[in-house]
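Colleague: If you number the sequence shown the way the working numbering does, the last residue is 1068 and the count never jumps.
Hints listed in this document are in silico derivations from the structure and should not be mistaken for laboratory results.
Computed from a predicted model, the values in this text were never measured in an experiment.
As a list, the in silico DSSO-like pairs of lysine-lysine whose alpha-carbon atoms are at most 27 angstroms apart:
(1) Lys873 to Lys791
(2) Lys856 to Lys970
(3) Lys853 to Lys970
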Amino acid sequence: MTRLRMAMIGGGPGAFIGPVHRIAAELDREIELVAGVFSSDPARSRAGGLAYGLDPARTYGSLAEMLAAETARADGAQFVAIVTPNHDHLPSAKAALAAGLPVISDKPMTATLAEAHELAEAVEASGLPFGLTYTYSGYPLVREARARIAAGALGKVRKVVVEYPQGWLAGPATGKQAEWRVDPSRAGAGGCIGDIGVHAFQLAEFVTGLHVSELLADLGAVVPGRQLDDDCSVLLRFNNGARGVLLASQIEVGELNGLRIRVYGETGGLVWKQEEPNALMLHHLDGRSEVIRAGTGLLGPDAARRTRTPGGHPEGYLEAFANLYRDFTERVRGGEAPLLPGVAEGLRSMAFIDTAVRASAARAGWTPLSV
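Modelling step: build the complete structure from the supplied sequences, incorporating the hints.
Modeller: Set out below in structure tokens:
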């Protein structure tokens, strides 16, 4: 099958997530990076194109230049990947959609909830595919957890505990990756809550199939002088009556990327850890516990079709990211790809950030979450 041609916005010299997108997109040989504008600085954009091994003629100095040139080519880009800081998501996505190109974007959807609604309207008006790289929903065992809960393996869900501890911002925010995340003009209203808390929120709703209906948030800027939150505690109530706890922090010294979700129902419990992603623990009411391994014949169709290697050959972050790109490729080619996060998840996630930030600042107590 002919590979889809991708253009990238952002991801230039010094970026972490740009190379991740490129590797993930090309892993299954269904996509090829052919063009991009990798920085708002034309010289840095050219340097980024060289680093990716692109034709210099297809490395552009501005988004407008790239869209004009690529849409005029017979072999031009067929979709756009946005890997910029949050404040560029809306203008970049709207421009690409207006040029007739589908969009896959890094999370969160935008910098603010109002912007998210504006982008949702643009996506609807365009009729084009739109996806968000909520990476953890691409892990096979996360999809297995979702399928088992939907099939009633735990009975009615009663309790959800999701936590995402990191420690890399416990000190001064130095370097390109840290600086924009603590800058309200680029990150938006949320710091830690918008960077990793939103991953935890999306994971909780994705795995359980439930929606958070209200929350009680306590967000703090622990490091002196920091303008955005770096430590978050949020109580949750779900639309089926279940209670939940969401903890996200970037000041927990020694923690790396410890995303973990626990779901407890009437007849069982389930645990998945991002740092040990190829094992899913399932507890039963009678005291039995079982470990479900990736790459085995025990997985359902959603997980099995997104597993590339036999059991004992670990798959991780890059493969999960690649699964989202595979989903997006199916969508661009006219398929369904129902598990790809999109506008609905983007709006709910932005509503979560907005509600948590406002409710915490106002000490408002329990606050409805509405999109």
